[in-house]
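Top line first, the protein sequences correspond to chains A and B.
Position one of the first sequence corresponds to residue 361 (my numbering), numbered consecutively onward.
Position one of the second sequence corresponds to residue -12 (my numbering), numbered consecutively onward.
The set of hints was computed from the structure by calculation and includes no laboratory data.
All values derive from a computational prediction rather than experimental measurement.
Even glycine gets a Cβ: it sits at the ideal position worked out from N, Cα and C.
Check each hint, because a few of them may be wrong.
Okay, the calculated beta carbon distance ranges per label pair [as the list claims (entries may be wrong)]: (1) Asn342/B x Arg451/A: 27 to 35 Å; (2) Thr458/A x Glu11/B: 36 to 44 Å; (3) Tyr312/B x Arg451/A: 26 to 34 Å; (4) Arg451/A x Lys165/B: 50 to 58 Å; (5) His193/B x Gly459/A: 40 to 48 Å; (6) Glu420/A x His193/B: 43 to 51 Å; (7) Val129/B x Lys441/A: 36 to 44 Å; (8) Ile320/B x Arg451/A: 39 to 47 Å; (9) Lys472/A x Ile320/B: 31 to 39 Å; (10) Glu481/A x Thr214/B: 48 to 56 Å; (11) Thr442/A x Arg160/B: 57 to 65 Å; (12) Glu462/A x Arg17/B: 31 to 39 Å; (13) Val371/A x Tyr312/B: 35 to 43 Å.
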Amino acid sequence: MSDLRDLYQEVILDHTKRPRNFRKLETATNSARGHNPLCGDRLTVYVNLKDDVIQDISFEGSGCAISTASASMMTESLKGKTKSDAEALFRCFHDVVTGRSEAPSETSKLGKLAVFTGVREFPVRVKCATLSWHTVRAALESEQKEVSTE
Amino acid sequence: MRATTERPVSTGRALSFEVHKIREDFPALRQNVRGKRLVYLDNAATSQKPRVVLEAIQRYYTSENSNVHRGVHFLSELATRRYEDARSKVRGFINAADDREIIFVRGTTEAINLVASTYGRQNVRAGDEIVVSVMEHHSNIVPWQMLCEEKKALLRVVPINEAGELLLEEYARLLGPKTRLVAITQVSNALGTVNPVRQIIDLAHHRGIPVLLDGAQAVPHSRVNVTELDCDFYAFSGHKMYGPTGIGVLYGKAHLLEAMPPYQGGGDMISSVTFEKTNYNELPYKFEAGTPNIAGVIGLGTAIDYLKSIGIDAIAAYEHELLEYATKTISAIPGVRLIGTAHEKAAVVSFVFGNVHPHDAGTILDQEGIATRAGHHCAQPVMERFGIPATVRVSLALYNTREEIDLLVQGLQRVSEVFG
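Isolated chain B (complex conformation) (with noise of 0.2 Å):
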C-alpha cells in the first residue's frame, strides 16, 4: 500500500511527504518485538538503515572489496573510487569546500578526540580556557576534560535557562584573552534544543576563537552548511543518519588541519618512511592511518544519497510537523513534564512522567514494542541541572508516523495504569 500523508502544517502550506512509502525502504521497521509491531523512537540513539545502504555495503564485500589507495589492480582502483566518491558526497551535503577537509573517523567522540589530541594538545597551555555547555553529550566533554587535566588548563560551561536554551550573555562572557577553543552541540541529543550556532560562532570569531560544532543530531534533520557557518570543526557520525556504526566525519578548515601534527602513526598516513624520517601525507590522509572502515565509508555515502533522494529539507519539515504533534499529545497527558522546552527544537521529546521512574516507564513501553530511551543520554550535566536522575526520551525520524505518537501515548496510560 502506497499511501499518502497530506497533511497541513502551522504555516498553512501544504505537506506532501510519503512515509508510508518511505518506511518500505527500511526493513528493520517491518518486524515485531514481544508480540507487538516495532515503534521505533529511539533515533537520536542510532537511526535504521534503508534497504540501499544495506545493499551497497552488502556489494562492496561481495565484488568490489580491496584495499584503498594502494593496489594498481582493478579492484583497488574501484574501491578506491568508490571510498573517495563517499568523501565527496559528504563534502557536498555539508558544502565544505573541499575533499581535503573530509577526515573519515570512527564517529562523532573519536572526530573530537582528534581535535582534542592534536589542535588541543598543539594549542592549549597551562591556565587556557577552553568553552563548552551545560548540554554537551559525555563525548564533547570528556575529551576536554582529559586535555585540560593533561594541559592544566581550564573547562569553561555555558549554563542554560529552564527552558533548555543556551545563556548567550553568560557564554560571551566566559570568552576572553585564555580561551583556545568553543566546543559546542548544535542539537542537544538530551533536551532537543537547537543552538543558535551562527551567534555563538560570530561572538568566537571576533575574538579570534575558533569553534567546534557537534553536529551528530543536527545532520539527519537539517541541512548543515559548514561554509557559510563558518564553523572550524564540525563532527558527525554515520549511524545516526541512516548509515552504518562505526563511521563518522570529522570536518576542519584546511588551514587549521594542515597545522597541525597528526593523529595516529601508520600505514596510509605518511609520503614516505625511513628509521631517519618519517613525512606526513597530505590532507586528508594524513589523519587516516591504517585501513579505513571502507563499507563504512561507501554504505555513509550511499545514506547521504537517500537522504538527498527524498530531500533535507522535506524531512526538517515533516519531523518538525511530528514534533509539533509528539509535543502536543505527550504533554497533554497528566503527570507529564517535559525537560527541553527550547523555542527552536528537533525532534526530540524528553520528559519526566509523575512518579514514575524512566526506567520503569521504559520498560512498560517495551513491553507494548516501543522502544524509547530512557536515562540520562549520555548527558549528566544536564540532567542535575534539572535535578533529575533521567528522562524518557523519544527521538522521531523520516520514517515515524503520527499513528506510532498515537501507540506511544497509549503506551503512556498504560504506564499510569501499573502505577496509578
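Just chain A, same shape as in the assembly (with noise of 0.2 Å):
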C-alpha cells in the first residue's frame, strides 16, 4: 500500500478536493486546451503574460485526481515565473515524473512539485500528471492553441 501513498499524497488530495486558482482567466493574454482522450481529461489554462512574466495564471476543466492536483500546484508554482524558468520546470517535472531522471538534484528543483515523483511508478498516469505542463506550455508559445497527450 506504500506505493497507493506515494502516488496519492495527502498534499495532492488536497489539491484535488479544493484546487487553486480553478476559474477563468478574464485577463488572460493567452490560453490553451488540453485533452487526454485516454481518460477524458480536458482542460483549460489561463495565462496573463507581461513582458514575459506569468503575471497570473489559471485554469479550469475535469480530470481526474493527478491531473486536477496537478494543474492546481502547477499555477501555484508558475505564478511570477519567466516564461524561460517556466519552461526549465517543465523540463524538470517531466523528467522526474517520466523517471528520466531520477537524480535528487532534479528532484529538488522542483520544491513542492516533488510530490508528483510517485506518479513514475505509475506509467499509465504519467500523462494525467504532465498534460496541465504540456497545455501551459502551449499557451506560452501562442495566444490560442489545443493540445492533445495522444
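With the hints in hand, could you dock these two chains into one complex?
In C-alpha cells:
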C-alpha cells in the first residue's frame, strides 16, 4: 500500500478536492486547451503574460485526481515566473515524473512539486500529471492553442 | 479442491456450476499481481484462455505446423483439416447454414471493415444512409464514417434512453428508402445492454434493408443462432470468448458474400491468375487472402469445444446470477451511480463513483490486484450521452465468483477511504 500513498499523497488529495486558481482568467493574454482522450480529461489553462513574466495563471476543466492536483500546483509554482523559468521547470518536472531523471538534485529543483515523483511508478498515469504542463507550454508559445496527449 | 457452488437463482431453479473446477482450467487466474491474488474483472476487453486452447496452439506449432490449402504432403493435409474443422465448429456454434459463410478475419474490427469496404463500397452511393446506434463501439462507427465520407453518404444514429436502451420507435423512424445497411451491436460493451436484435432485424428486413450485428460481446455469453436471427452479417472476435487474439469471424449470408468484391488480393483468394485476367476463388476463400492465422483458427475451434463442454446456457445462467449479485452489491455502495441499467443486460456493470475519477478508482483497485477497465471503453459517443468522461467497468466471465465481487466491493471501500 506504500506505493499508493506515494501516488495519492495528502498534498495531492488536498489540491484535488480544493483546486487553487480554478477559474477562468478574465485578464488572460494567452490560453490553451488540453485533452487526454485516454481518460477524457479536459482542461484550459489561462495565462496573463506581461514582459515575458507570468503575472497570473489559472485553469478550469475536469479530470482525475492526478491531473487536477498537478494543474492546481502548477499554477501556484508558475505565478511570477518568466517564460524561460517555466520552460526549465516543465523539463525538470517531465524528466522526474517520466523517470528519465531520478537524480535528487533534479527533484529538489521541483520544490513542492516533488510530491509527484510517485507518479513514475505508475506509467499509465504519467500523462495525467503532465497534461497541464503541456497545455501551459502551448499557451505560452502562442495566444490560443489546443494540445492532446495522444 | 473441487468445490461445487450451488446457489438458487432468482427463478428458484437450483443452479449447479462448478466454478472452482472451471477456474483450474485457466492458468492465468492462478497468479498474484501487486502481491495480491489476481481478480480479473476485465473480460469485456479480453478473456483469459483455458489450458486446452494454449495446448492446441502449442501442439499445432510443435507437430502440425504447415501451410494450408497448398501442399500435398502429410503435414499440410493435417493443418488444412484442422483449419477447416475449426470452420465447421464455428458454423455449428452460431448455427450458420454453410461453412462457406464463415470467413476468418483478425477480429470484429476487421470483419466490420471488410463489410464496409466491400459490400459498403459496392452498394452505398451519394445521399444514401447507414444506421448505427449511439452505443456502438468505435469499431462499428469509424468504418462506416470512413465509407460515408468516401461516398458522400450519411450516418444516422439511433438514440438511447437513460437506462441505456435503444429507442425502437426512433430506430424505426430512421429507416427509409435511402437506408442501405443497419449496423448495430447485439450487446453493448460499455453498458451491457442486450439489444432486441430480433425486432431490429425484422423492422429492417420489412424494408429490404440488410443488418450487420456486432456480436463481440454476445458470443461468449449467450447462445447465438444466426439462422434464427436472420441477420445478414455477424461479426465477432476469438479473444473475448476464451480463444486467442488476432482471430475473428465474419459470418455473411452466402448470396451476399457471393455478390461482394474481394477484400484483399493475394494467394488463396484466387482460382487462377494471369496478367490478363484473374479469377477469384469461391467462398469462403475469396475473402481469405494470404496465409491465414492457422494457429489462431485452431485455438478458436478449441475454445468453442471448451464452451460447448460447459454449455453456453449454463454459462449464461451462471453469469446472470453473478450479474445480479454484482449489481446489487455495487449499487449499494454510497456514491455509486450505475451507467447502463437496461432491463436486458449481459454481465457488465459500468459505474461512476462520487467525484472520484474512474482512473483513480482503477489505479487503487489495481493495487488490490483487481483488474477493471477505467475509461471510455472505445465508446466515446455513449459516454457523451451520459455526460461523463469515463466509467469504471466490471465485466464478468464464467470463471468469476461471488467472492471476487466481494473483494471488488472491499476495493471500492478502499477507494472511498483514499478520497474520503
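Going through the hints against the structure:
no. : hint                            : in the structure
1   : Asn342/B x Arg451/A: 27 to 35 Å : holds (32 Å)
2   : Thr458/A x Glu11/B: 36 to 44 Å  : holds (41 Å)
3   : Tyr312/B x Arg451/A: 26 to 34 Å : violated (50 Å)
4   : Arg451/A x Lys165/B: 50 to 58 Å : holds (55 Å)
5   : His193/B x Gly459/A: 40 to 48 Å : violated (60 Å)
6   : Glu420/A x His193/B: 43 to 51 Å : holds (50 Å)
7   : Val129/B x Lys441/A: 36 to 44 Å : holds (42 Å)
8   : Ile320/B x Arg451/A: 39 to 47 Å : holds (42 Å)
9   : Lys472/A x Ile320/B: 31 to 39 Å : holds (34 Å)
10  : Glu481/A x Thr214/B: 48 to 56 Å : holds (53 Å)
11  : Thr442/A x Arg160/B: 57 to 65 Å : holds (60 Å)
12  : Glu462/A x Arg17/B: 31 to 39 Å  : holds (35 Å)
13  : Val371/A x Tyr312/B: 35 to 43 Å : holds (39 Å)
In this structure, the hints that do not hold are numbers 3, 5, in rising order.
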